[in-house]
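Residue numbers (the working numbering), protein chains in the order written: chain X, 1439 to 1644; chain B, 96 to 450; chain Z, 70 to 440.
Hints were generated in silico from the structure; no laboratory data involved.
Bear in mind the structure is a predicted one, so any value in this text is a computation, not a measurement.
The C-beta atom is built at its ideal place from N, Cα and C for all residues, glycine as well.
Be a bit skeptical, because a hint or two may be false.
[Unchecked claim] Calculated pairs, DSSO-like style, for lysine-lysine (alpha carbon to alpha carbon, straight line, at most 30 angstroms):
1) Z:417 / Z:154
2) X:1462 / Z:344
3) X:1532 / Z:364
4) Z:206 / X:1462
5) X:1532 / X:1545
6) X:1607 / X:1620
7) X:1530 / X:1603
8) Z:73 / B:237
9) X:1530 / Z:367
10) Z:277 / X:1545
11) B:163 / X:1477
12) X:1458 / Z:206
13) X:1531 / Z:364
14) Z:206 / X:1545
15) Z:105 / Z:277
16) X:1607 / X:1625
[Claimed, not checked] Every beta carbon over 12 angstroms from chain X, so not counted as near; a handful from chain Z, in silico:
17) 99
18) 110
19) 112
20) 124
21) 162
22) 219
23) 222
24) 243
25) 267
26) 312
27) 337
28) 350
29) 414
Listed below, chain by chain, are the residues.
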Amino acid sequence: MRQYLKNTWEGIWTIIIGMKITFKHLFVPSVTIQYPDQKVPLPERVRNRLYVNMDDCIGCDQCARACPVNCIDIETVKSTPGENLGQTSNGKKKALWVTKFDIDIAKCCYCQLCVFPCPTDCIYMTDVYEFSEFKRNELIYNFSTMQPGEVEEKKDNFEKFQAEKEAQKAAAAKAKAEAAAKAKAEKEKDEKSKNNNSKSSSNDVS
Amino acid sequence: MYESLVEITGLEIFAAFVSAAMPVAFLVPFVIIAVYLERKVSAHMQDRLGPMRVGYHGLLQTIADFFKLIQKEDIVAEGIDKKFFNFAPFLVFAGSYAVYAALPFSSKYIGSETDLGIFYIIAISGLVVAGILMAGWTSNNKYSLYGAMRSAAQIISYEIPTALVILSIIMWTGTMSLATMSEMQTAYFWNWNILGGPEWGITKFVLIPFLLVAFIILYVSTLAEVNRTPFDMPEAESELVAGYHTEYSGMKFAMFFLAEYGNMFAVSAIVSVIFFGGYQSPFGYLGNTLGIEWLVPFEQVFWFAAKGIFFVFVQMWLRWTLPRVRVDQLMTICWKYLIPYSFVNLLVIGIITLL
Amino acid sequence: MALKTEELVLNMGPQHPSTHGVLRLEVQLEGELVTKVTPHLGYLHRCFEKHAEAMTYPQVIPYTDRMDYLASMYNNFGYVIGVEKMLGIQVPERVEYIRIIMGELQRIASHMVALGTYGLDIGAFTPFLYLFRDREKILTLFEITCGARLLYNYMWVGGLSHDLHPDFERLTREFISYFRPNIDELNNLLTYNKIFVERTANIGVLPKETAINYGITGPNLRASGLKYDLRRNDPYSIYDRFDFEIPVGEGLVGTVGDCWDRFYVRVLEMEQSLKIVEQALNQLPEGDINEALPKRVKPPKGSIYQRVENPKGELGYFIISDGTVNPFRVKVRAPSFVNLAILNELSKGHLVADIIAILGSLDIVLGEIDR
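Bound conformation, chain X alone (with noise of 0.2 angstroms):
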């Protein structure tokens, strides 16, 4: 019976000190807010949207190694000797032509492991937050600042230079390759009586 009792009065009594509670806050001041009007202030170190700044890529292809989704596509092309690319801000010298460099948001993580990789703080995350988009294609960032026509350009003169240092490496490489055998049937008439020592050894590498 007196567990009767008190059971009764410890419902009313806990609902009364809830309702209490809860009366208490319809006064006090909301802590939501309407989003698109108004809008929290972000931290400084915030990791939203990816941005690169094109002008200080050197295509050094870190970011994408360090990506562990695989959402950074990048495409070079050496440059000519001829060529000057100019400097990034911080100094280095630009050797590659960055010719794609487009970044997949869609399967960006904002995990900014890609940041902290790369050396001319070119890559960094912006505080836009807003981007998204009714075709998941749009979400494919393109970065890279090149035309396609110059993209063309680039990789038909790299491959010429390459031709060219291809030939020049192939006459060098002949001119050796001559001088080689010429030596060579000269030390082979010399050195016939070393031949089976050279063998032993390798049978024991074998």
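Assemble the complex: chain X is given as a structure, and chains B and Z must be docked to it using the hints.
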């Protein structure tokens, strides 16, 4: 209302139609306001803002929602009993709307001036159970079935303490008509039943604590009858998803919604009529002091609505404060606590009335 | 006359308001009585462990964030000290302290979600929003420090991604003094409420022996009355320097190890975590956080099992290295996964509404269960 209209026009059908349609004019705006109020009350209790976009501080939000509900596709899932599925929301609404026939909105307006008002209300609210059971059973959904079963058990159980408390009040006041009951508590707030009624004497003061208990029992059991938290077993969103109206959408869902809010006001009005003087003003009427006769009924409607809305507010307040009880505890509260207390109360009030 | 009855099979979830994500429970019911509960997993499986094999060691950290997404800091913590042990790195004092501050703040935030959603499961909506309001304050502390609110990637092998924000200490102290009274408010509003007590006391009683047999850890185990906390029993980092108590379930309103105890232990743990944060802030040394940051994370051949006391229980990382930059295998012992196993045992013979109460009191996170 009905009788006077018949006298004036002589057309019975017209009179019946008009007096039946009158509560709609009250109910629809009330529901719109109550849904808005519910959102705002819950929001401010939780340190939020609630609807703010549609109209000034979201005043038109409910109307926007209403239009949204109309436009929604009326989904009828496979394997359900279509006839009864479509019929159930209307039955529920009819049950809750029928209660309004006996509510005295003012001394001049009452849908039906029956002498058995409160008896009629207790009887007709059983229709809601049938509707809910129908909705749950025909939905072909296990959650709905559970919700409906719980709801039937709950509403029927809680009718007993309600009836017992009302019985004790009827014993004491000697009338079953809600209009007469309100009239008895006329003039000032110390004549209200919760404060011992209009007759001065020792009994008035002796009765006060028992009437208070009676009030709490009646309020709790009516809360359970309209399925509000902490007794919202049939809906119990965290357990049964949405209970008996899980499968409903669009306008049919809106019907349930309308019925729920209609019920909320109906039971609040009954509580206010029985204990708080119904349409009577607590401080006398402005119309009487100024000598403007026609103002009085309007004042009465205002007081009636204000008292009703206050109790609706308390229902909301409770809802946003309390957790939900479990289904067996619900029965425990009813059978082990409310019914014994109301029996004792009935006896005591009966004895005091006899003396 | 024996009436032939059939058991009802109810599929709760994966779309259900209170299965805490995408858990599917196959519940066999006899009327409203539960005879069997079978949890079905895998709706949130993201191949964490397989992914980790293709990543380098630092790249795994963002993935650990996404396991128990309510306690990301602590997931980082466990993984990071595991790898550090393999590499033999001793991190600077300041880093240790910052890690502990972050970890304990994260514990509070995680418990807030646990308590709030538990209130929600029982039907009380308001405490949930009060707790989330306060949780936002903790998330703001994280945000000013590392820029993210939910998935931090803050603790690195050998250090941290950022040093503390200059305002951090002041704001944290403000938060502590702000939050202490709110715990009392929560208790008055929810914990001691008669309806809440009735709903949770003597429900889902987990005896100590059963808990041990099932391998339950964390607050769920402590609620059963066993004082077992890895911060004390197997101290990692610098937890041995702090003075704090380990709350255990005492059965104040019911039996030891019931749902109410599991709830209340979390409330008490929040207070203890506040205490630890306060002490750590007082002792916080100056220093460079990047001192021990390795150039290349390439642990020698071998394996390690590192366990930490995650807010949900014992979080273990079993890392095998084959001497390359990628881990050969990362196996996670997820506390929620192990704790979920007890569900069937606990809910037998209870009502449908109690399944929700029991499931909520176990505080599972599906991201961690499915990984």
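Worksheet item: Minimum Cβ separation between residue 414 of chain Z and chain X greater than 12 angstroms?
Response: Residue 414 of chain Z clear of chain X: closest Cβ-Cβ about 29 angstroms, beyond 12 angstroms.
Discussion item. Tell me if the straight-line CA distance from residue 206 of chain Z to residue 1545 of chain X falls inside 30 angstroms.
Written reply: Roughly 28 angstroms separates the two Cα atoms, so the pair holds.
Worksheet item: Any Cβ of chain X at or closer than 12 angstroms to residue 350 of chain Z, or is the non-interface label fine?
Response: holds, 19 angstroms
Discussion item. A cut-off of 12 angstroms on Cβ-Cβ distance, and residue 219 of chain Z was said to be off the interface with chain X. Does that hold?
Written reply: Violated: least Cβ distance 10 angstroms, not greater than 12 angstroms.
Worksheet entry | Satisfaction of hint between residue 154 of chain Z and residue 417 of chain Z, Cα-Cα up to 30 angstroms | violated, 43 angstroms
Fill in: Distal placement of residue 243 of chain Z relative to chain X, Cβ over 12 angstroms
holds, 15 angstroms
Worksheet item: Does residue 163 of chain B pair with residue 1477 of chain X here, judged by a C-alpha cut-off of 30 angstroms?
Response: holds, 28 angstroms
Worksheet item: Under the criterion that the straight-line Cα-Cα distance not exceed 30 angstroms, is the pair residue 1531 of chain X, residue 364 of chain Z satisfied?
Response: holds, 24 angstroms
Discussion item. Against the 30 angstroms threshold, does the CA-CA distance of residue 1607 of chain X and residue 1625 of chain X hold or violate the hint?
Written reply: Measuring from Cα to Cα gives roughly 25 angstroms; hence the hint holds.
Item to complete: Please settle this one: residue 99 of chain Z was flagged as non-interface, so is its CB more than 12 angstroms from every CB on chain X?
Response: For residue 99 of chain Z, whose nearest Cβ neighbour in chain X is about 29 angstroms away, the distance exceeds 12 angstroms, so it holds.
Practice prompt. Would you mind confirming whether the straight-line C-alpha gap from residue 1462 of chain X to residue 344 of chain Z stays at or under 30 angstroms?
Written response: Satisfied, since the Cα-Cα distance of roughly 28 angstroms is no more than 30 angstroms.
Fill in: Beyond 12 angstroms from each Cβ of chain X, as asserted for residue 162 of chain Z
For residue 162 of chain Z, whose nearest Cβ neighbour in chain X is about 23 angstroms away, the distance exceeds 12 angstroms, so it holds.
Hint check: violations occur at hints 1, 10, 20, 22, 23 and 25; the rest are consistent with the structure.
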